Amino acid sequence: MIEGLYQQMKQSVLDGDYELAETLAKKALELGIDPLEAINNGYMPGVNEVGQLFSCGEMFLPELVQAGEAMKIAIAIFEPEMARRGSQRESLGKVVLGTVEGDIHEIGKTLVGTMLTANGFEVFDLGVDVSVSRLIEKALEVNADLIGASALLTTTMIKQKSLVDELKAEGLDKRFKVMVGGAPVTQEWAQRIGAHGYSEDAIGAVAVAKRLVGKAG
Amino acid sequence: MKLTAEILSRDEQQRIHDHSLRVLWEAGVQFHSLKALKLLAEAGATVDWETKIARIPEKLVIQTLETAPKSFVLGARNSSYDYPMPSPHTRYTMDGTSAFATDFETGERRYGTLKDLERGVRVFMAADMGVMCWPPCCASDAPDGSRPLHEFLTMLRFCSKHGNHELHHPNQVPYFVAALKAICGDDDAVRQRKIASVVYCPVAPLMHDAEMCDAYLDLGAYDVPILILPMPATGTTGPASLFSNIVQGNAEALSSIVLYQLARPGRPLIYGSASGSLDFASGGFLTGVPEMVLQTAAMAVMGRFYGLPNTATGCVSDAKATGIQAVIEKVITTLPAVLVSADLVSGIGEIETSQNLILEQVLIDNEIAHFCERLHQGVDTSPQKDLIEDIIHVGPGGNFLKARSTRVMARSDEFYIPQLAVRQSYENWLALGSPDMRDRAREKVREILNSPLVDPLPEVVSREIDEILREADKELSAEE
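Protein chains in written order, with my numbering: chain A, 1 to 217; chain B, 1001 to 1480.
There's no promise every hint is true.
To be verified - Pairs of lysine-lysine residues, derived as DSSO-like cross-links and limited to a Cα-Cα distance of at most 27 Å, are as follows:
id: 1; chain 1: B; residue 1: LYS1474; chain 2: A; residue 2: LYS168
id: 2; chain 1: A; residue 1: LYS72; chain 2: A; residue 2: LYS210
id: 3; chain 1: A; residue 1: LYS215; chain 2: A; residue 2: LYS174
id: 4; chain 1: A; residue 1: LYS94; chain 2: A; residue 2: LYS168
id: 5; chain 1: A; residue 1: LYS26; chain 2: A; residue 2: LYS72
id: 6; chain 1: A; residue 1: LYS138; chain 2: A; residue 2: LYS215
id: 7; chain 1: B; residue 1: LYS1474; chain 2: A; residue 2: LYS161
id: 8; chain 1: B; residue 1: LYS1052; chain 2: A; residue 2: LYS138
id: 9; chain 1: B; residue 1: LYS1181; chain 2: B; residue 2: LYS1035
id: 10; chain 1: B; residue 1: LYS1115; chain 2: A; residue 2: LYS161
id: 11; chain 1: B; residue 1: LYS1115; chain 2: B; residue 2: LYS1181
id: 12; chain 1: B; residue 1: LYS1385; chain 2: B; residue 2: LYS1402
Said to hold, decoys possible - Short, incomplete list of chain A residues facing chain B, as computed with Cβ under 8 Å:
id: 13; residue: GLY57
id: 14; residue: LEU61
id: 15; residue: PRO62
id: 16; residue: ILE104
id: 17; residue: PHE124
id: 18; residue: THR155
id: 19; residue: ILE158
id: 20; residue: PRO184
id: 21; residue: ASP201
Since the hints were derived computationally from the structure, they do not count as laboratory data. What you are looking at is a predicted structure, and each value in this text was computed from that prediction instead of being measured. Ideal Cβ placement from N, Cα and C applies to all residues, glycine included.
Sequences are here, hints too, so could you generate the full structure?
Below is the structure:
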């Protein structure tokens, strides 16, 4: 029976069916299933499969986003029980995320956040128009592993360089790894400014983040 | 008659307008500029100061559409390039502000520089279908704080057609105005000649940023025209149907019109759009697709619905290299905009979703523009083209080569004589080394770049602009 439930959970993620994902999470709690077991055996395989299918072009962006949302909704249902049990998902690392100052484009950055969360990172999304100092302050506050800075405009990508420069100036460049992304951003740009990671899309960003925290594989 | 396209019925235009009014009032529009919010609140919009969302009532839309000029002349540094809008013909803008440029000599794709920009606009000067220049690439080698000024003024220095670009911050406005005065003579001439305009992209969905918005409000004092260019993409920053994305783009355009007309009634505006289509597989913004141009052509029609000069994004491609895909996409994204008689199609010279400037492409796109214009002109049945008497005179078995009308028509607009297309016989073509359009475009580009600068600025003005830029570099970089 539990296997059947896990299968349904996976399917709810594949279908981006929020209501079903939520109902199944509640059902798991009623049955006394360990939330971590349900996440790892039910929802997570769905997220992984969606990620793989998206990478090879077989699933589309809205399906990817809605899979991530279904997973988030299920986790939210489990959170009180996980807190009660004193258990938590194994965190792959903490990521502070934001669109750089002067730029209010949100979608790419939020998508990266969703995918990182779905894959086990703890994400602190500061939103858009975020100054370098706010990114660094938050990273210090939560003891982050990574800072992700998004820029859609050729005029704002320079703030990604400001972030890297500021971290160096404050002697924090060894402590926080920096990931950059956004339409005009390239691997070449990332290298030029001294960022540690770059990805063209949200799935790639997960792989880069895992590599940067030494959890690749 | 002319070959035209009908893309929205009158009823459909009215529905888009009515839906847009609902969006403006029920969802509202977020303005990050406090100045903008104050203007809107004073004029009767309902402003939530916390969320910065202004709900805009219909009466403000109607009132500001009335004050927006229905025609004006887009001036040029060389007045023979002045372009009255609306226009009976479709003309073109340069595509603008790509991140990358393809090096003409090495073929390497790299971040654009001021030199690339200069070369791009010089080639654009030779594109006879082009009337509005736009810095074709960003200048990654210009100082950050003053970069748009370098881009704007390099364009105006090397191109004497109308120039359009953007400013990012109010602190750039005084330098820009000083440069316009240096070129035009004085404040009045700046207002009257309108040799430069600014492009304004509301941020989809339904947002306006602060600094660019404030800069453009400041430029109102000089009647600098604004090209309004909403860019919602179906399925990400806009809803996932063409019709509804048009509604949203139209609402974003109307919200811009309301703001800038409230701030300065009578300021010239161009109603445009660069709505995109989502690549569902990658999340990328697509332009070289039918779904894009259906939206921008439809929005050009909405511009006409409001009686405003208009522009539609077209002649664009998502191809990563010049060649078959690029040309197919450019043709399909040009023709519908031409067939609805857009005043301007934006723009030519780039591939890779407007992210890569290729000098040869400027001239290839100019050729596409000519072909599309010829299609749009259709079959002319006027008395000048009615040659029935010649048919009767020549009769069965003769030919028309000796007819006077043939000689006249051969050099008239009845037949477009291509600038690049290869039409030699096969043997001649082989003998010439089998050139294709791109080879011929390369030759012409080389010729243009080796020729003396067209319409150079007077030395004294050029020096003044150098001084303005030096000052801007010093002051604005210090503020960074």
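How the hints compare with the structure:
1. For the suggested pair LYS1474 of chain B and LYS168 of chain A, the alpha carbons sit about 25 Å apart, so the restraint of at most 27 Å is met.
2. The straight-line distance between the Cα atoms of LYS72 of chain A and LYS210 of chain A is roughly 19 Å, inside the 27 Å bound, and the hint therefore holds.
3. Simply put, LYS215 of chain A and LYS174 of chain A have alpha-carbon atoms about 18 Å apart, close enough for the 27 Å limit, and the pair holds.
4. About 20 Å separates the Cα atoms of LYS94 of chain A and LYS168 of chain A, which keeps this hinted pair within 27 Å; it holds.
5. With a C-alpha separation of about 14 Å, the suggested pairing of LYS26 of chain A with LYS72 of chain A holds against the 27 Å cut-off.
6. The straight-line distance between the Cα atoms of LYS138 of chain A and LYS215 of chain A is roughly 23 Å, inside the 27 Å bound, and the hint therefore holds.
7. The suggested pairing of LYS1474 of chain B with LYS161 of chain A holds, with an alpha-carbon distance near 20 Å, which does not exceed 27 Å.
8. Pair hint LYS1052 of chain B plus LYS138 of chain A holds up; C-alpha atoms about 25 Å apart against a cutoff of 27 Å.
9. Taken as a hint, the LYS1181 of chain B and LYS1035 of chain B pair is honoured in the structure, with Cα atoms around 26 Å apart against an allowance of 27 Å.
10. At roughly 23 Å between alpha-carbon atoms, LYS1115 of chain B and LYS161 of chain A fall within 27 Å of each other, so this suggested pair holds.
11. With a C-alpha separation of about 25 Å, the suggested pair LYS1115 of chain B and LYS1181 of chain B falls inside the 27 Å cut-off, and the hint holds.
12. Between LYS1385 of chain B and LYS1402 of chain B the alpha-carbon distance is near 17 Å, which keeps this suggested pair within the 27 Å criterion.
13. Interface restraint check for GLY57 of chain A: the shortest CB-CB distance to chain B comes to about 5 Å, inside 8 Å, so the restraint holds.
14. Here the hint on LEU61 of chain A is kept, as its CB sits about 5 Å from the closest CB of chain B, short of 8 Å.
15. Hint status for PRO62 of chain A: holds, given a least beta-carbon distance of 6 Å to chain B, under 8 Å.
16. Because the closest C-beta pair between ILE104 of chain A and chain B is about 6 Å apart, less than 8 Å, the hint holds.
17. Using the Cβ-Cβ criterion of 8 Å, the hint placing PHE124 of chain A at the interface with chain B is not satisfied: the shortest such distance is roughly 22 Å.
18. Of the supplied interface hints, the one on THR155 of chain A holds, with its beta-carbon coming within about 5 Å of a beta-carbon of chain B, less than 8 Å.
19. Annotation: interface hint on ILE158 of chain A holds; nearest CB of chain B at approximately 5 Å, less than 8 Å.
20. Nearest Cβ of chain B to the Cβ of PRO184 of chain A: about 4 Å, under the 8 Å cut. The hint holds.
21. Satisfaction of the interface hint for ASP201 of chain A is found here, the shortest Cβ-Cβ separation to chain B being roughly 6 Å, below the 8 Å cut-off.
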